[in-house]
Amino acid sequence: MYMLCAFFNTFWQTLKMAEAVPEEELTIPRAAMNKMIKEIVPSVRVANEARELILNCCSEFIHLLASEANEICTQQQKKTINAEHILGALDRLGFNDYRTDAEAVLKDCKAVAAKRRRQSTRLENLGIPEEELLRQQQELFAKAREEQAAAEQQQWLQLQAEAQMSLQQQQHGDALLNSEDGEYS
Amino acid sequence: MSSFKPKLGDGSIILPQARVKMIMKSSPDTESISTDALYFVTKATEFFVEHLVQEIYESTGKSNELTYKGLADIVQKSDSMHFLKDMVPRKITYKEYQEILKEKENSDLF
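Protein sequences, first through last, are from chains A and U.
If you use our numbering, the first sequence closes out at 185, no skipped numbers anywhere.
If you use our numbering, the second sequence closes out at 1110, no skipped numbers anywhere.
Keep in mind that the hints were calculated from the coordinates and are not lab data.
A hint or two may mislead.
Stretch by stretch, here's where chain U covers chain A in the computed footprint (C-beta under 8 Å, at least three residues) [to be verified]:
{"hint": "1", "segment": "27–41"}
{"hint": "2", "segment": "52–66"}
The calculated PhoX-like cross-link candidates involving lysine-lysine, where the alpha carbons are at most 20 Å apart (straight line), are [unchecked claim]:
{"hint": "3", "chain 1": "U", "residue 1": "K1085", "chain 2": "U", "residue 2": "K1069"}
{"hint": "4", "chain 1": "U", "residue 1": "K1095", "chain 2": "U", "residue 2": "K1069"}
{"hint": "5", "chain 1": "A", "residue 1": "K79", "chain 2": "U", "residue 2": "K1021"}
{"hint": "6", "chain 1": "U", "residue 1": "K1025", "chain 2": "A", "residue 2": "K78"}
{"hint": "7", "chain 1": "U", "residue 1": "K1021", "chain 2": "A", "residue 2": "K78"}
{"hint": "8", "chain 1": "U", "residue 1": "K1025", "chain 2": "A", "residue 2": "K79"}
For each label pair, taking beta carbons as the anchor points, the in silico distance ranges come out as [stated by the list, open to error]:
{"hint": "9", "chain 1": "U", "residue 1": "S1012", "chain 2": "A", "residue 2": "E131", "range": "31 to 41 Å"}
{"hint": "10", "chain 1": "A", "residue 1": "K79", "chain 2": "U", "residue 2": "Y1094", "range": "48 to 58 Å"}
{"hint": "11", "chain 1": "A", "residue 1": "E39", "chain 2": "U", "residue 2": "Y1068", "range": "18 to 28 Å"}
{"hint": "12", "chain 1": "U", "residue 1": "D1036", "chain 2": "A", "residue 2": "R116", "range": "13 to 23 Å"}
{"hint": "13", "chain 1": "A", "residue 1": "E131", "chain 2": "U", "residue 2": "D1036", "range": "36 to 46 Å"}
{"hint": "14", "chain 1": "U", "residue 1": "Y1068", "chain 2": "A", "residue 2": "K110", "range": "33 to 43 Å"}
{"hint": "15", "chain 1": "U", "residue 1": "D1036", "chain 2": "A", "residue 2": "A47", "range": "30 to 40 Å"}
{"hint": "16", "chain 1": "U", "residue 1": "D1036", "chain 2": "A", "residue 2": "Q155", "range": "55 to 65 Å"}
{"hint": "17", "chain 1": "A", "residue 1": "A47", "chain 2": "U", "residue 2": "F1083", "range": "15 to 25 Å"}
{"hint": "18", "chain 1": "A", "residue 1": "E132", "chain 2": "U", "residue 2": "E1031", "range": "51 to 61 Å"}
{"hint": "19", "chain 1": "A", "residue 1": "E146", "chain 2": "U", "residue 2": "D1036", "range": "45 to 55 Å"}
{"hint": "20", "chain 1": "U", "residue 1": "I1092", "chain 2": "A", "residue 2": "Q119", "range": "52 to 62 Å"}
{"hint": "21", "chain 1": "A", "residue 1": "K110", "chain 2": "U", "residue 2": "K1104", "range": "49 to 59 Å"}
{"hint": "22", "chain 1": "U", "residue 1": "K1085", "chain 2": "A", "residue 2": "Q119", "range": "48 to 58 Å"}
Where is the CB? At the ideal position from N, CA and C, for every residue including glycine.
Construct the entire structure; sequences and hints are all you get.
The structure is reproduced here in structure tokens:
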């Protein structure tokens, strides 16, 4: 029992240690950083030490932005940090260039998303005016109704034919039975 | 800074927003962050990295190697990078360190 307790204790502690990442070590994942650097300066070798440092600088930058934005947010007596607060923080910290570029990117993002939503109906791609499309739609509906009516009529005729046939067979059967009766009587 | 033209400005994001959010939340008093705000911070961080890397690249004469020294130099020189001063101190040789100590001692005497 004692051994079991000790085991659980260390197990639990290890779990807790794995969960709680100390603040100083919380950084962007290396893979993402490497990918970025590769895109920016594809032909340059970057020392590992420098990579490590850039990672930490990123964290520092994010912390700075966060606390500045938080201040603005509190001043406005809001509970959630919104985009305006971040933009304000960028201005206050002297990163105006990032602000204008980030805004432009956000606008592009929204435009692309909106366009994608419209294109999902594929109407714009056809390049056909709306009235023409409506007319085509009406035609298709009419055609469908005709085909449906024709199919139904066909079914009805078939049912009739089958009913007729079964009736005839029954009558024939009856006739046979009657004739048989006739023989005996 | 006025000549900054981001390459990564095509609307896509490389840095993981979830991680950025974690880093922000580890700042004291940061409570909730809106989606747009998180997007802005992530994008701004990407621009920051791009800017930093480009500056080092330019200042080291477009060498094909990015080193600690390059980074340290830029941090000391550039105004907008000043907040990183404490993170990236210039490395000095032991000899330089001794000289600095000696100077300090001398000034303390007076």
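Query raised in the report: Which hints, by number, does the structure contradict?
Result: Of the numbered hints, all hold.
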